[in-house]
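Engineer: Residue numbers (our numbering), protein chains in the order written: chain W, 1 to 155; chain E, 1 to 155; chain V, 1 to 114; chain X, 1 to 114.
No lab work stands behind these hints, which were simulated from the structure alone.
Predicted, not measured: the structure shown is a model, and the values here were computed from it.
Treat the hints with caution; some may be incorrect.
Only part of the chain E face toward chain X is listed, based on derived beta-carbon distances under 10 Å [claimed, not checked]:
no.	residue
1	Phe21
2	Ile24
3	Trp47
4	Pro102
5	Leu103
6	Gly113
7	Tyr118
Just a sample of chain X residues kept apart from chain E, beta carbon distances all over 12 Å, derived [claimed, not checked]:
no.	residue
8	Lys36
9	Glu39
10	Asp88
All residues carry an ideal CB built from backbone N, CA and C; glycine is no exception.
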Amino acid sequence: MSSTKESSASGPVRMSLSSRFENIEMAQHLCGKLLEGHEIPDETRHWILMALREVLANAIKHGNAQDRGKRVHLEMDVTGEVLKIQVRDEGAGFDPDKVDDPLAPENKFKTSGRGIFYMKTFMDDVRFQRVEGGGMEIVLTKNLAGAKDKEEKGS
Amino acid sequence: MSSTKESSASGPVRMSLSSRFENIEMAQHLCGKLLEGHEIPDETRHWILMALREVLANAIKHGNAQDRGKRVHLEMDVTGEVLKIQVRDEGAGFDPDKVDDPLAPENKFKTSGRGIFYMKTFMDDVRFQRVEGGGMEIVLTKNLAGAKDKEEKGS
Amino acid sequence: MKTSVRDGQGGVQILDLKGKITIGAGDVQLRETINKLVEDGKKNILINMQDVTTIDSSGIGELVGCYTSVTNKGGKLKLLHLPPKINDVLTVTQLITVFDVYESEPEAVASFAG
Amino acid sequence: MKTSVRDGQGGVQILDLKGKITIGAGDVQLRETINKLVEDGKKNILINMQDVTTIDSSGIGELVGCYTSVTNKGGKLKLLHLPPKINDVLTVTQLITVFDVYESEPEAVASFAG
Ligand SMILES: Nc1ncnc2c1ncn2[C@@H]1O[C@H](COP(=O)(O)OP(=O)(O)O)[C@@H](O)[C@H]1O
Ligand SMILES: Nc1ncnc2c1ncn2[C@@H]1O[C@H](COP(=O)(O)OP(=O)(O)O)[C@@H](O)[C@H]1O
């Protein structure tokens, strides 16, 4: 277990983007910058950025239906070594319990349906919530200290 | 004069930051990312990022008085080769006409008072406006095509 | 993403991919390239993944879709030089066993003859 | 920012600066370093700017403040190896003529004796 417990110097960073897939990279960039102060393995950083890509892609595609007038709202923060990524779209929302399991044999060869699964695999926790006035808010968390430990034990 | 007139693919990017000087770099980073698609000279990019640093430093220092609970709101966009940077703080606002001229002999050796001058030097236009409910909004613009032309002519 | 197709021995089509296979940037392009090969009657396709820098769930979905359309036409789609992280991404969704993956191009090309 | 002080010929103190002189990161540190030298009775100070990567209006303000406090004590503060962009920033605010700027360290150090 890690004994370091620094709190992020930056405070929560908020960003909002027009609903275009090209903007995902800008948000990933900012997240990378936010993580810079934290000594985490490259691998961990990579998977966090992939989870971020997936949640933003869903907000743009399914949430905002690629309507460029609608925006995706992102908040990122690290407190006590825990990274929290919060994404809100301006769509109709959805019921996460109704999402198919991509590992089920009948879904294995589908061309979609793996995004949420990847988020859950790469982050510690993924929570879904409908927000007032429509739209979905998804909160992903990851213990960066834990990630460090795991990697150290693994290798 | 440049004939290219592409509009940015990204749409306006909005960001808000806690009032800490360390966060200036994150915003600069994002601005650099936004400018990436535009073929502008490194010099121009450098001066734009310096102007951004100055306007954010003022919002954090003079506007929000380094109160970490107050936030700095930033919007950046490129439309038709014109970069627009909009910064809003949650402070008391100020009267830009009352700001001293740093080139005046009596101010030359002052240890402060050059930020706005630098912004005006490096950007095409800087506008100040008090916002409802207090705080100041500063809009900086820069014609990226013009910057390209100038540099070409200059060298 | 950049794609280019080379002719390998025995009519095997080698598709070199370069860059990102992500939503809105490469995912559809991959499918179109494969569809064109299939329409042209090519049955044996080897995708060289060596220079793929990033993939996301959309890219993975397209890979699976390509696999299905080639297989449905009686052809074979195999993968070459899978970067470790893409290997991981295929593994966690239990897709790694679906694909024949090779580390050597001659070996991969030869395998289609078998 | 990192600072380190070297002894030059004739008691000239050479201050090597490295990194950023920006608000909240290096501006105050610069002033404190100079103040300490002045308190220690050092009169001739040469600031080597070669490795300064970024400066902003706060950093410029501190440079001016350092100039004033050294001069007020009857000392001299000069600059060495000014990067082009910092030169520009000093020029537009008409401060470049305030500072003696050198491109050669021996020359700069020797100039204090004059
Ligand atoms: N932000 C969102 N708004 C509305 N529906 C969503 C959102 N995110 C996910 N969904 C729904 O959940 C399903 C599963 O998402 P995901 O696992 O990412 O796979 P995919 O995006 O490939 O369909 C989507 O097909 C969509 O119906
Ligand atoms: N966002 C702001 N809110 C309130 N006052 C401001 C703001 N920005 C600038 N000012 C005022 O304008 C003055 C001049 O600013 P500037 O030219 O940047 O120099 P400096 O920041 O070094 O004082 C400041 O001293 C401050 O009084």
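Engineer: Each of the hints needs a verdict: does it hold here or not?
Structural biologist: Right, here's what the structure says about each hint:
Given the 10 Å rule on beta carbons, the hint for Phe21 of chain E holds: about 3 Å separates it from the nearest Cβ of chain X. Here the hint on Ile24 of chain E is kept, as its CB sits about 8 Å from the closest CB of chain X, short of 10 Å. Interface hint at Trp47 of chain E: satisfied, since its Cβ lies 9 Å from the closest Cβ of chain X, which is below the 10 Å cut-off. Interface restraint check for Pro102 of chain E: the shortest CB-CB distance to chain X comes to about 6 Å, inside 10 Å, so the restraint holds.
A least Cβ separation of about 6 Å between Leu103 of chain E and chain X falls short of the 10 Å threshold, and the interface hint therefore holds. Restraint check, Gly113 of chain E versus chain X: the minimum CB separation of about 8 Å is within 10 Å; hint holds. About 6 Å separates the beta-carbon of Tyr118 of chain E from the nearest beta-carbon of chain X, less than 10 Å, and the hint is met. At the 12 Å boundary, the C-beta of Lys36 of chain X stays outside the reach of chain E, the nearest C-beta of that chain being 18 Å off.
No Cβ of chain E comes within 12 Å of the Cβ of Glu39 of chain X; the nearest lies about 19 Å off, and the non-interface call holds. Chain E draws Asp88 of chain X into its interface by the beta-carbon criterion, the shortest separation being 9 Å against a cut-off of 12 Å.
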